[in-house]
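Undergrad: Now for the letters of each chain:
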Amino acid sequence: MTQPNTTELARHRRERMMMWLQLTPVLLVLSVLFGGALILAVMQSLGFAPWFGVNTFPDFSYFGALWGSWSFWQSLGLTLYYAIVSTVIALVMGIFLALAMVRMFPCKTLYKYLYKLPLMIPYTVGIALAVIMLGNGGMISRLSAFFGFIGDPSEFPQILKTHYGWGVIAVYVWKQTPFVTLTIYAVLLGVGRETEEAASILGASKRQIFFQVTMPQILPGIVSSTLIIFAFNIGAFEAPFILGGGFPDTLPVVAWRYFNDADYTLQLQGMATVVSIALIASIILYSYLAFYRRYERRIGRN
Amino acid sequence: MTKVQLKGVRKDFGAFTAISQIDLDINSGELVALLGPSGCGKTTTLRMIAGLEVPTYGHILFDDDDVSEVPVQDRQVGMVFQRYALFPHMTVEKNVMFGLKVRGTPKAEIEERLEEILDVVQLQQFRHRFPAQLSGGQMQRVAIARTLITKPSVLMMDEPLANLDTKLRGEMRRFIRELQQRLGITTIFVTHDQIEAMELADRVAVIFDGKLAQYDAPDALYQRPNSVEIADFMGANNIFAAQISASGLATAAFGTLQLDRDIVTVREGAGRILLRSEAIDLLLEEPDGENVIEGTVEGREFFGATVNYTVTCGGEIITVNEQSRRLVEVGQKVWLRIEPRHIWAIRDDA
Amino acid sequence: MTKVQLKGVRKDFGAFTAISQIDLDINSGELVALLGPSGCGKTTTLRMIAGLEVPTYGHILFDDDDVSEVPVQDRQVGMVFQRYALFPHMTVEKNVMFGLKVRGTPKAEIEERLEEILDVVQLQQFRHRFPAQLSGGQMQRVAIARTLITKPSVLMMDEPLANLDTKLRGEMRRFIRELQQRLGITTIFVTHDQIEAMELADRVAVIFDGKLAQYDAPDALYQRPNSVEIADFMGANNIFAAQISASGLATAAFGTLQLDRDIVTVREGAGRILLRSEAIDLLLEEPDGENVIEGTVEGREFFGATVNYTVTCGGEIITVNEQSRRLVEVGQKVWLRIEPRHIWAIRDDA
Amino acid sequence: EDAEANAFREAFLGGEASWEDVSARAESEGTVNLYYWGGSDPINIWMDQVVATDLAKLGVTLNPVRITGTKDAIDLVLAEMGSGKGLGEGSVDAIWLNGENFATLKRQDALFGAFADKMPNSDFIEWNAEDPRSLLNLRDFGVETGNAEVPWSGEQYVCAANTARVDRADLPSTFAELKAYLEANPGKFTYVKPPHYIGNTFVQAAIYAHNPDGTGAEPFQQSIDDLGAEEMARLITPGLEYLKSIEPLLLGGQSGNARYPEDNGALDGMFLNGEVDMACKFGLYAVATGLNNGTYPEGAEAFVFPEGNMIKNKNYLAIPANAPNPAAALVMANYMTSVEAQVSKLKYTGMPPGVDPWKLSEAEVTALTEASPGLIGVSQADLDANTAPDTNATLVDVIEATWLEYIERDSADDLSVIVSRAVDNLAK
Amino acid sequence: MLLIAGFILGPFIPLLIQSFAFRWAWPDLLPGTWWLEQREKSLLPLAWDYVLSPYSRVWEATLNTVFIGLVVTVICLAICLPAARVLAREKFRGKSAFEFFLSMPLIVPEAAIGIALLMIFIRLGLAGSYTGIIIVHLIPTIPYMIRMLTAVYQGLGTDFEEQAMILGASRWQVMRMVTLPMLLPGVVAGALFTFLVSTNIFLLTFFMGQGKIITLPTLLFSKIAGGTLDASAAGITLVVTVPGIILLLITERFIKEEAFGKGFGN
Ligand SMILES: Nc1ncnc2c1ncn2[C@@H]1O[C@H](COP(=O)(O)OP(=O)(O)OP(=O)(O)O)[C@@H](O)[C@H]1O
Ligand SMILES: Nc1ncnc2c1ncn2[C@@H]1O[C@H](COP(=O)(O)OP(=O)(O)OP(=O)(O)O)[C@@H](O)[C@H]1O
Ligand SMILES: [Mg+2]
Ligand SMILES: [Mg+2]
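Residue numbers (the numbering used here), protein chains in the order written: chain A, 1149 to 1450; chain B, 161 to 510; chain C, 161 to 510; chain D, 13 to 440; chain E, 5 to 270.
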């Protein structure tokens, strides 16, 4: 047998080089910006901030102070509460809607426009809508008064500006349900309806079809949208800031308050808060992902 | 098992009529093929029988009972989808057991029937694989096993062989036929391949454009098509315009042929005659007797087992199909002979 | 036009060897089919000839020049992809002109050649349509026209007919053959359908598992396969173990058959004999002479033009394929006769 | 270091440069970069429509930089100073500020110098330390201005009530009466949440009113270093305890979660919707302005609360030490303290004048009076009779931190512990 | 379905009313005084007069938003197209790790990234500049863009490019005449979505803008941060909604759910 053709090897090498060359810009941008930001965040939270004349790296006291205070854990609880509850609600509603959308119904085209609207507009708009609808002086409160249910704004159940209130959740759900719907709907379109029909012919009831046939197939879509919206919810700032109930604030708001304090050392404390958020989010999401991977392996997907 | 009847069934999708009118009687235990070009409404018909679609008009009867109101889950039908629709997240075993599990069949019985059916479809060794790890033929068999295990009273298959390669198709055809004969389930399958329909079915329903064009046994369909369209669709290639006389003589451009009046129902007038290309004798010397046409070999196509000759006779081109034991050279002068009983005629106004 | 040679060509994809060793000589103006099961390396071979892949070892020669270093763009080859790969955003006309345009051919010449080729493929009236508005056969012809207009010295087609329905396949087969004969371009096409290979090709290269298994004229391949695998792949169904004597007698389970010693190369020893099912005469009365086997009809399959009978003879099952002019009943006692020249033998150690 | 700019500064502060020199230099500098909180549209509009036009006539182009927090400007100045940018080289010419932010600049020695009394229009401001009315011109949140900033606007903490919902007779005028009112009408009052300055001010007023020595605002004019943490804790304890005691009576307090609005906008909204009956904020003319732009309910009227402790303060313009255009900044500061500017400001924004009326001519006073939106429900005399000064900036931080800890976070610790901890934290 | 439509659209009705109100106190269902009644009396522009005046900075914010969105989209496209091509076509070691890394920004909270970068950006003088904002916007947009473009490339297959090469087209001709036109719908969809994500980013913009550069979300945030909504804030909210609606009308034509699904279904 002769030697391998040199052109083939050279070409192969050239192609690999081209390949990495094409990947470089993205890789560079993300590692420098995103990776760099992560490293910086961690370093700052450990006391590295020469620009404030602070450099006690590595210094765990910021984390110590943070994790040592009860209010941090309260904030964490609140953050997780908002994130989890709204993620779950958005998911359930999104799945429900997506399932409804693959079926035919009147005005479907119009509806297909409509449901994406919240996706297109910023969260702040959602917050504004929550303020005007759900506030104690808001539209629903006024309607209740009009129908004689309440006689004073304070009798209206407090939705905004309170802990564990539904205002923040309502905004998240309003904005994220379309995202979940879009994702799941797209997956459903790819999956097609055949397996569902096959199951119904095999005698499965609607429930059985949903849980045993449809659900496992749209799971990848569910998982990826969960990851995205949960991560967002846990790090979101504007809604809990505007609609939240004050102390204890959610962690991003706590971080924000630290950053806006005149005291520079508190910025490092804020950085520790931010890193904690990232850390907690990653732990939760990672275990979620690991759990899902295990499930996937169990059902033989890889 | 179950007798299936479609009575005046019509199906509209919005403004579009997929099925304009179909009446069909399928006997208990019969294997019927729905044959027709793409988009003619075969799948729609099956789906209506299964209960996945509701007919716009008309009724569907199982053993003389109207099942229009019976939901899919309770019709006791089985359906094998064209692309199998296997549950991708379940193993072969789980896929097959699904139908029993959702009905709450006792575990022991499920086990037993599973083993039995896996033996039948010869999938014992693949039972723990996932659909993605199977070949087309194996997936096909899983789909069939999954359906059969529920002991459906009507089995439907939508183009069950469309995605398989030639060799596998042959195998699967034999497998399905054998199985159907053994279990005697009323079976309806969809195909657009006339060979498949003829090989497998007891009777074939040809559907054109949402209408039942002919419903007959395979050989009848092949030998005595109702219309030129059906003949063409069934692969006939020798169709010629001819004038038929009352005495059963057909006069075409290449000469006059005697028809068998016991077979041919056409009595008189303008029409078409069909010469089945494999029923024509290609002779190198002029024979005696009637129904002989003179011509010249124009082309030859070798298919392995058979050879096709195109022969020009009086301006028309006649295709002759012969087993390839000998090869006649192109350009050779030949005589074609065809027996009256192998000629079929259709009136132009049919 | 151009003579194509593959010399010791091998192709590895990473650790996986797609083609282990292929030597192939294709004469100028010849039409060669690459035939083989899925995944055997047919497409890879074509892609190497086109220059889309570089062989790991070995060389590819066009008219005795090594073209390994010549980039795709400059090889002057044409290739029709399995799914046509028509540019969906261009009209038929633009698609066809593409190859000339990118080479900067003068406008007048493009026009002229466009008209010419559109006439050849009979697409004049569709010239302003987009691919999405064409039928399968029309798309196919656009793909061919687009390739031919560049006057390639080698034309390659990757399963050109795989996506067409039976009727259209026949038409396209005839079209391609005619065109190739008219233009005389060296043509290589890939298929996994042996009928197609045999009908179209001057020579067929059978590839199994990345190796050239046999390279021969279609009838030779069909009648004198090198190995049992090839015989099987070519659709032979009567393959029986037999002991072959020096005098050319083959003794199988159902009896002894005389071989034609001019044809059969096997001299002595254990081997297999092949009886071509369409070369067997099915007789209802015992005939005189040699090579007669007695048996009983076990099954019958009606295919329209032909009928398959399965006949048990001394424990073996022999398939007989006959044109369906008569139908023999199942259970009938019959005698099979086969001429020596229709029997082929393969040594077990081949 | 820009030597020329420094020379100018020496000359100006040393009284050697005439105002003509300043004007000439200002014209050559061309622009002035004014940093100020951009959250108020009336102010923005006034800046763009009036100030910019008038300054253009003086040959100076106004570049209004609207920041979301004054602290941003302070950070910028300090960062630039830190990187060695001196006079003539920075990017901030003037900042509208008061209190803590001024204290920071002063502490960091980042101010241009004692310019305030050296401008032509400084005649309109009382600089005589003997006159008690000069207090707010010389001290900003208790911090001596050293004339490094010039007062250009005044403000007073005034409460308004919705007389459509409350009878004027029932209006409280002391904290005790407020509590009594709330016991009768729970939830109908709240105050802006500290550390917002409007919230701080309410807390300060409560502390003054509950001063155990009965000396009101007086002890709170000293810095924390002079006062000491312990004394501080003693002085503020009754006030904070009062605030804690009314917490369950505030808006939302009945359900255990008192709501403190984040800013005056939020408070105005509650007031408009009748969620609360009274709202307190800085805004002498707030009622008139609020009625004019629809943010106050129709029955809104001001009233005197808390008697004797209606905190009054001023806003100032400061020039940082590294102003790129110091002369233009001086010209602008001078313009801002002109009667003309004060009149238009009052008209546009309802912000009371920063100049002192007794230093003006009669005609000028009339012009100001005519420009003012007017007082509703109270008279100027009532207001003048009940003023109190702001708390020293260093104490404000402590009070703020203490409120957060004691009221918001419900700390169980003793107030003295909280205060000393806050003092320690701030010292760090 | 009606309920859902109400849930989505309902809140816009009071918003619209509020934007025309002068004084709208609880419990009135309609404003007690309308903006137009007070329009002449007021020295300052009210409600829509204000929103449309330069003082509201709506116009500036809109321009900023669109400008930043466009630049981000273009940069994102330019760097993601080649990478998406590789990801769709090539196999290489560490590919799945690479892909995971590319989607990391989706699951790390924005606040962490924004704040960490802020300090460095202030140092570099990038804070409060368009460059700074555009750079940080790349972080959350790249993952979306990469995913959508990879799906697009996967859908394209290599056939067309190879065919063009065989027909004699040079690399550049292939790119220009075949690849780009065929990718166009997918690229447009990806670009629109990236634009959408960019125009929706609040936190990063807020940090990096330093109040100097405002976009629609940050403008609206500062208007409603106090938790109340007056007529001008309502007007601005509506204005902020308009680009979304325009985008919605465009995207419905280009973003097919199918394409989106390929990007996110896994
Ligand atoms: N849900 C539907 N809505 C609208 N039209 C439909 C629907 N289902 C089928 N059709 C139309 O009805 C006609 C018949 O469809 P059907 O699927 O029954 O054809 P078919 O005979 O199975 O064709 P094929 O061989 O291509 O599968 C087609 O024209 C198809 O477009
Ligand atoms: N780029 C590649 N990388 C790795 N393996 C490849 C690549 N291309 C082809 N192969 C492998 O090489 C073998 C031969 O592939 P090829 O496409 O030539 O088969 P084929 O004969 O054309 O089959 P088919 O009839 O299915 O098209 C297959 O096993 C295939 O998986
Ligand atoms: Mg169908
Ligand atoms: Mg191939």
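None of these hints come from the bench; they were simulated from the model.
Here the structure is a predicted model, which means the values were calculated and not measured.
Just so you know, even glycine gets a beta-carbon here, dropped at the ideal spot from N, CA and C.
Incorrect hints may appear among the rest.
[To be verified] Only some residues are given here: those of chain A computed to face chain D with a beta carbon under 8 Å:
(1) 1160
(2) 1162
(3) 1219
(4) 1285
(5) 1301
(6) 1302
(7) 1353
(8) 1356
(9) 1393
(10) 1394
(11) 1395
(12) 1408
[As the list claims (entries may be wrong)] List of simulated lysine to aspartate or glutamate pairs, EDC-like, C-alpha gap at most 20 Å:
(13) D/69 - D/32
(14) D/359 - E/166
(15) E/216 - D/32
(16) E/95 - C/438
(17) A/1354 - B/213
Undergrad: Determine which of the earlier numbered hints do not hold for this structure and return their numbers in increasing order.
TA: 1, 2, 7, 8, 14, 15, 16
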